[in-house]
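*Asks:* Please build the complete structure, drawing on both the sequences and the hints.
Protein chains in written order, with my numbering: chain A, 1 to 704; chain B, 1 to 161.
Derived by calculation from the structure, the hints in this document are not laboratory data. Please read these numbers as outputs of a predicted model, since none were measured by experiment. Cβ atoms here follow ideal geometry from the backbone N, Cα and C, with glycine treated the same way. Some hints here could point you the wrong way.
Under 7 Å between C-beta atoms, here's a sample of chain A residues computed to sit facing chain B [as the list claims (entries may be wrong)]:
1. Arg-166
2. Asp-601
3. Ser-643
Beyond 10 Å from chain B on every Cβ pair, some chain A residues (computed) [to be verified]:
4. Glu-165
5. Gly-355
6. Leu-701
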Amino acid sequence: MNAPLPGPLADNPSLDRWVSFPSPGKVGIFTGRVELGQGVLTAMEQIAADELDVAMARIVLRSGDTELTPNEGYTAGSQSIQFGGVAMRQACADVRALFLNQAAKIIGCAPDELSVRDGAILRKNAATGQDYWTLAGAVNLAVQATGSGPRKPIADMTVIGGSSERLDLPDKIFGNAIFIHDMRLPGMVHARVVRQPNRGATIDAVDEKAILRAAKTPVQFVRHGSFLAILGDDETAVDLAATAAVDHVGWQNVEAPTAAQQEANWLLQRPAVDRIFGAPDEGNPQGRQRFEATYTRGYLAHASISPSCGLAEYRDGHLTVWTHCQGVYPLRAALAKTLGLEASAITVHHVQGSGCYGHNGADDAATDAAIIAMRMPGRPVRVRWRREEEFVYEPKTPAMIVKVRALVDDAGKPVDWTQEIWSPTHNNRPGAGGNLLGALALPNPPPEPPPNDVPESNGGGATRNGEPLYDIAAKRIVHHLVAETPVRTSALRGLGAMPNVFALECGIDELAERVGKDPVAYRLSIIADKRARAVIEKVAAMARWDAKAPGGAGHGRGIAFARYKNRAAYSAVVVELDVAEEIRLAHVWCATDAGLVINPDGAINQIEGGIIQSASWVLKEQVRFDNGVSSIDWETYPVLKFSEVPEIDIELINTKDEVPLGVGEVTAGPTAAAIGNAVSHALGARIRDLPLTRERIMAALLKE
Amino acid sequence: MTQEFKFTVNGKPVSVSLGNEETPLLNVLRNELGLMGTRFGCGLEQCGCCMVLIDGEPEKSCGKPVWSIAGKTVTTIEGLGSPERPHPLQQAFIDEQAGQCGYCLAGIVITAKALLDKNPSPTRAQIAAALDSNICRCGTHNRILRAVAKAAAQIRAGAGA
Ligand code: FES
Ligand code: FES
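*Replies:* Here is the structure:
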């Protein structure tokens, strides 16, 4: 019996959805995953090249296209390689086996006498005159995958495990038109949307004259309900008009988030959907020490370097959309609903944007373009959000409160752990019932989706990494899914993992401190998982961890660990830093076990990106509200600068395991907690609220 | 009423007619001249995606009205090098695989070029200080710092810049 097919292959079982041989010497590869700056397309080509035994240069890869590629849902959750890559690997192995069977028939030998070298079929290493392309006519790939094609043993891999250069980087370094922002279609019109401030707000008055005056060159208005767009041939004019429109369009029923709503504590006492799961009750506290601490984090922005962009054209009853979103099929389904079209009347193509790190404004910008394009058939429409628009209207990652409660035995080890979490949803993706922003301004807007978060079967949203991996007899999660939010919230790199790991890994340090144990030794004393131990031991060695390092004088070091989602990659991080009025990161070390690594340099690049982004969240970032979102640009929402980035050492271990584990989000939590622990070591005082601002540092010092 | 603006881009004289003399140089490069390498990131002179050299000085082109460019010399990322003849900075960025989404890179390479023109042997801290005019949201900073240092060394060793 064959093992079950990898998920995406089971969902798209026809092999011709994955591989084709379009012309002599060329191999077509189709992936539903999309490039978000994480290097996934390069990794996919490596996988295909190795399993098919062809040179990478022969491969023509297509990705994220409802006309061409398999439906793999979203490119998210560090699942592209762990699931999509594994599916690609098996599809290629199945295809290779079909070709070897056909070649064996023609040659009159057993298939296992044959091998492939760069597409040519060899028998006992000698040429047979056959190759993929001579056989392509006789091998039908419109058949179901069986999963029976033998995958190449890891030890024989030549491309997988090598650091192939990123295929997309040269275009970016030489300044070629590669981004969606660079697309120009014949007859295209530039457009900006005058954003509805909130669901239910309606347009009161539009001072068209004032807007036209600001534009300096002619622009047009398109209005549908309270959806108002400004278009024109000259992008500068459209930009000027859109900026002016903020002050020259009046709205009714405006609700603006208030300063009080900015803080995580506002979430307490809100209507919520409550769940408790895990171990039944808090074991007998008799004779046990109790530990309880509450950690918080504010709202964060994805803050992609480029505002979102989308293009659309409606012609002869068919809508074509270009987008940098993470899921072309879910967007197509949501657009069909919004626009009253059949999904078959819509094509969605992925084109690269800047890094998104989750659900940013990409789907919404594409929707804006589609709504406008439907009202001007035959005319391609390009919408590019303004910087302020992206900051104000992109979905934010929610503020969270995480309270950890532990019962501790005589040796100071936790025996019972409760992680109580307050959070709005981490999933307002269109594919999960979330609404497209532009749709809310149309006549008959869709209803508010019911409160809902990513299910635990998919790693959880607010509950992600809420359960410690440590050996604790009883663990449970209390989850309050807060139904009312001041702003739209959705997925950002790691979802709830960052606040949860921050809370539980700071909590573990606090427990170690109570019994005077070294944080590394303490962790090792409560975890048996070999891979977890290995990354903790490795990073301690890399950082020359000194259990006796004195803290308290403004210099400190901290460690933290997590296995992302408790089922993807393992990572341990050590941070060394100095605290004066502000925190200055000196050095970061990270050991990661991501199992089979397709492209080590690419994996390290992503791990490092995750460390720096998490450091930026922890040290600097919080979306501010003041009668509206007041974080509107890079001055009001600063991120880590070049001069603030520490040196970082990363090592990958166990890279030849059979199974690859997703790596893109693994460092978000451990980095945050290691910083928190290092600050506590440096100050001799703990700060449990993020970001670690100067005010909080001063307050912590005063308490001392 | 349209006006004519003449200046030099990547060594070639150009002339554009525009109805609004305040049109940012960035929009002129991208929409009038089809040079897409200079990217839009904020339009607020905060992120550095749109960095170009104007008479050799690094400038954020989103904040430069076209009237202020008349008669000047502009260098964009396209003018630095090509895959066939990469500038040492571009080669070093490829060697170091310095990029994730890569949206920030064109502006960063230009800022780095201006730095190396003035200071051929910058320290890590000096490179970082110069690049504080640019934002990278993906966290590629360290690779970028290494790439700039490597390019500097190569230029010092005689690679064509
Ligand atoms: S686009 Fe010019 S600095 Fe951001
Ligand atoms: S590589 Fe994405 S912003 Fe720098």
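*Asks:* Taking the hints in turn, state whether each one holds.
*Replies:* Each hint, compared with the structure:
1. For Arg-166(A), the shortest C-beta to C-beta distance to chain B is roughly 6 Å, which falls under 7 Å, so the interface hint holds.
2. Interface restraint check: Asp-601(A) against chain B, minimum CB-CB distance 6 Å, threshold 7 Å, status holds.
3. For Ser-643(A), the shortest C-beta to C-beta distance to chain B is roughly 4 Å, which falls under 7 Å, so the interface hint holds.
4. Annotated as non-interface, Glu-165(A) brings its C-beta within 10 Å of a C-beta of chain B; the closest such distance is 6 Å.
5. For Gly-355(A), the requirement that its beta carbon stay farther than 10 Å from each beta carbon of chain B is not met, with the minimum near 4 Å.
6. Against chain B, the non-interface label of Leu-701(A) holds: every CB pair exceeds 10 Å, the least being about 27 Å.
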